[in-house]
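Whenever a hint applies, use it, and build me the whole structure from the sequences.
There are 2 protein chains.
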Amino acid sequence: MKKDCRIGIIGATGAVGQEIIRLLVNRKFPCSEIKAYASSRSAGNVLKVDEWEGVVEETTPDVFDDLDIAIFSAGGDTSKALAPEAAKRNCVAIDNSSAFRMDETVPLVVPEINPEAVKEHQGIIANPNCSTAIALMGVYPLHLAFGLKRMFVSTYQAVSGSGVAAMKELENQSKALFSGEKAEASVYPHPIAFNLLPHVDSFLEDGYTREELKMLNEGRKIMNLPDLKVSCTCVRVPVFRAHSMSINAEFEKPVDLEIARNAIQSFSGSELFDNPSKNEYPTPLAYTEKEKCGVGRIRKDHALDNGLALWISGDQLWKGAALNAVQIAEIL
Amino acid sequence: MKKDCRIGIIGATGAVGQEIIRLLVNRKFPCSEIKAYASSRSAGNVLKVDEWEGVVEETTPDVFDDLDIAIFSAGGDTSKALAPEAAKRNCVAIDNSSAFRMDETVPLVVPEINPEAVKEHQGIIANPNCSTAIALMGVYPLHLAFGLKRMFVSTYQAVSGSGVAAMKELENQSKALFSGEKAEASVYPHPIAFNLLPHVDSFLEDGYTREELKMLNEGRKIMNLPDLKVSCTCVRVPVFRAHSMSINAEFEKPVDLEIARNAIQSFSGSELFDNPSKNEYPTPLAYTEKEKCGVGRIRKDHALDNGLALWISGDQLWKGAALNAVQIAEIL
Numbered sequence: 565m566k567k568d569c570r571i572g573i574i575g576a577t578g579a580v581g582q583e584i585i586r587l588l589v590n591r592k593f594p595c596s597e598i599k600a601y602a603s604s605r606s607a608g609n610v611l612k613v614d615e616w617e618g619v620v621e622e623t624t625p626d627v628f629d630d631l632d633i634a635i636f637s638a639g640g641d642t643s644k645a646l647a648p649e650a651a652k653r654n655c656v657a658i659d660n661s662s663a664f665r666m667d668e669t670v671p672l673v674v675p676e677i678n679p680e681a682v683k684e685h686q687g688i689i690a691n692p693n694c695s696t697a698i699a700l701m702g703v704y705p706l707h708l709a710f711g712l713k714r715m716f717v718s719t720y721q722a723v724s725g726s727g728v729a730a731m732k733e734l735e736n737q738s739k740a741l742f743s744g745e746k747a748e749a750s751v752y753p754h755p756i757a758f759n760l761l762p763h764v765d766s767f768l769e770d771g772y773t774r775e776e777l778k779m780l781n782e783g784r785k786i787m788n789l790p791d792l793k794v795s796c797t798c799v800r801v802p803v804f805r806a807h808s809m810s811i812n813a814e815f816e817k818p819v820d821l822e823i824a825r826n827a828i829q830s831f832s833g834s835e836l837f838d839n840p841s842k843n844e845y846p847t848p849l850a851y852t853e854k855e856k857c858g859v860g861r862i863r864k865d866h867a868l869d870n871g872l873a874l875w876i877s878g879d880q881l882w883k884g885a886a887l888n889a890v891q892i893a894e895i896l
Numbered sequence: 565m566k567k568d569c570r571i572g573i574i575g576a577t578g579a580v581g582q583e584i585i586r587l588l589v590n591r592k593f594p595c596s597e598i599k600a601y602a603s604s605r606s607a608g609n610v611l612k613v614d615e616w617e618g619v620v621e622e623t624t625p626d627v628f629d630d631l632d633i634a635i636f637s638a639g640g641d642t643s644k645a646l647a648p649e650a651a652k653r654n655c656v657a658i659d660n661s662s663a664f665r666m667d668e669t670v671p672l673v674v675p676e677i678n679p680e681a682v683k684e685h686q687g688i689i690a691n692p693n694c695s696t697a698i699a700l701m702g703v704y705p706l707h708l709a710f711g712l713k714r715m716f717v718s719t720y721q722a723v724s725g726s727g728v729a730a731m732k733e734l735e736n737q738s739k740a741l742f743s744g745e746k747a748e749a750s751v752y753p754h755p756i757a758f759n760l761l762p763h764v765d766s767f768l769e770d771g772y773t774r775e776e777l778k779m780l781n782e783g784r785k786i787m788n789l790p791d792l793k794v795s796c797t798c799v800r801v802p803v804f805r806a807h808s809m810s811i812n813a814e815f816e817k818p819v820d821l822e823i824a825r826n827a828i829q830s831f832s833g834s835e836l837f838d839n840p841s842k843n844e845y846p847t848p849l850a851y852t853e854k855e856k857c858g859v860g861r862i863r864k865d866h867a868l869d870n871g872l873a874l875w876i877s878g879d880q881l882w883k884g885a886a887l888n889a890v891q892i893a894e895i896l
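Taken in order, these protein sequences are the chains called A and B.
Heads up: take any position in the first sequence, counting from 1, add 564, and you land on this note's numbering.
Heads up: take any position in the second sequence, counting from 1, add 564, and you land on this note's numbering.
Keep in mind the hints are simulated off the structure, nothing from the lab.
Bear in mind that the values here come from a model prediction, so they are computed numbers and not experimental data.
One should not assume that every hint holds.
To give an idea of the chain A side of the interface with chain B (calculated C-beta under 7 Å), a few residues [claimed, not checked]: (1) Asn678; (2) Tyr720; (3) Phe758; (4) Leu789; (5) Lys793; (6) Lys842; (7) Asn843.
All residues carry an ideal CB built from backbone N, CA and C; glycine is no exception.
What follows is the structure in structure tokens.
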């Protein structure tokens, strides 16, 4: 895309929106202008992200006339209402919500895995769910080596996935506990400070959450593995911003630890961080504000014949959201 | 055992030791005296646990001459050195460390599962590892219903498992973060506040930790299932005292959710807490200082034919340690 590309961030004032601006600036995205959009409530405010600053404008269908790319990070309802308006006006919508991910006419893209899918877009390109994107940074290179059949994923998800208000809630509840005050819960139904909630996104009839099904459905679509089996349990943990996952993965071929380690290390989206004897393994603090996800604790699985157990940490706001979207914009 | 039974707590000043005293008092354990023992460093100090108080004495082999039961919770080295001394003096040692758990001559007992094994003791009875005991509170009733073949366990373990100093470290690091100070790490190799460490107990050659193998080896011994397959990943989380676990379990027989729920609810060590539509599921805060473990999020597993996914929270200091030991003493 030419240097005079005009890019807009829809939902620019949110946790992900601000990271998108930061990454566009830091990665020197070739555009003439970055524009910030949000709801009418924030319109007129000056938004500052590091050195960058701009006046927030209200998102209306007309704004897409002046944009080449719009990255949406303002929730599913805004995306459903406005991404088609962008597409209609020849502005490509990169959508961070779940609104279009399973739409057959919309490519769901992780640039390290299926960049070619970008070309098939009809105006909208979907960004995957944060936990799916991070899990695949560990699992996809292993799939290339051994052929993925099935995986069990237990997540340890940071509060940044619920936005700025949730990060503030974790902070306030933590402080309140030490000052003897009562910890108020408003973003989450129960306290999150020094607690765990096996509850991310809403519950479905069969007892799974929407978040848990995303790992299954999005994983199949992104890796083009329609028969992949995935069992997922999603848990919110009192961590500010990087997600982690414990994964048990079963493969078609016999696994080899050396090949597995090399596959991870040579994959562009991940790095191997796996020296237990030196207490080196990924942690969410160590992988906050890192572009690559960290993969460690790789070992032969005790309960699967061709299986590997592993642990991944990755920045939820970056690879889990903003970075993946910016990478898609870079392909465009 | 007769009312004039004399019971001693070895390691009484520790996190588990104090909970043992609390539970003996609260459950009106039929004994004439509760005596507190620790290292020479604490000897002479007055220990207070709620209404109870006593002078701490140094643990020497001679003290067992005056005891009928000694509950050991002072680490593996103390147990190895002194539990045989107790046994020699006709004082039954209930050992909370891992020192004797896999010894074929020592019963490893979870009173809800294999109380009859207590009778076979030769002076020492082992208490299981905390995460094993809590996992089995959810899995064993399901095993009785469907026949357990294999399970994948990812743990979310509280810092109380590392003792009082770790609980203080979590508190201090959390406070330091908000006051802009640096978070010191001494119990753990990395900060635990707002972080996760996929590292519980020490690493073995094959990349697993000792803690992860305990789930396999102790689970097999307690449930008498020598062929059980268990893959376990143990993770320390910034929670003060209850452990939680995400489990995917595979069974011999087809599973039925109604039967599974009834099995959990009617089991003496657990209770069903599973109403997602009302945001009811176990959390570590809700299961702190509860004798029963909470089991919820029960659903058919997406990646196993006869499988169930579930989530358990249980008080690490109680069912995971002190309560189980006191229950063994009650059987004696």
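Here is how each hint holds up against the structure:
| no. | hint | in the structure |
| --- | --- | --- |
| 1 | Asn678 | violated, 23 Å |
| 2 | Tyr720 | holds, 5 Å |
| 3 | Phe758 | holds, 5 Å |
| 4 | Leu789 | violated, 13 Å |
| 5 | Lys793 | holds, 4 Å |
| 6 | Lys842 | violated, 9 Å |
| 7 | Asn843 | holds, 4 Å |
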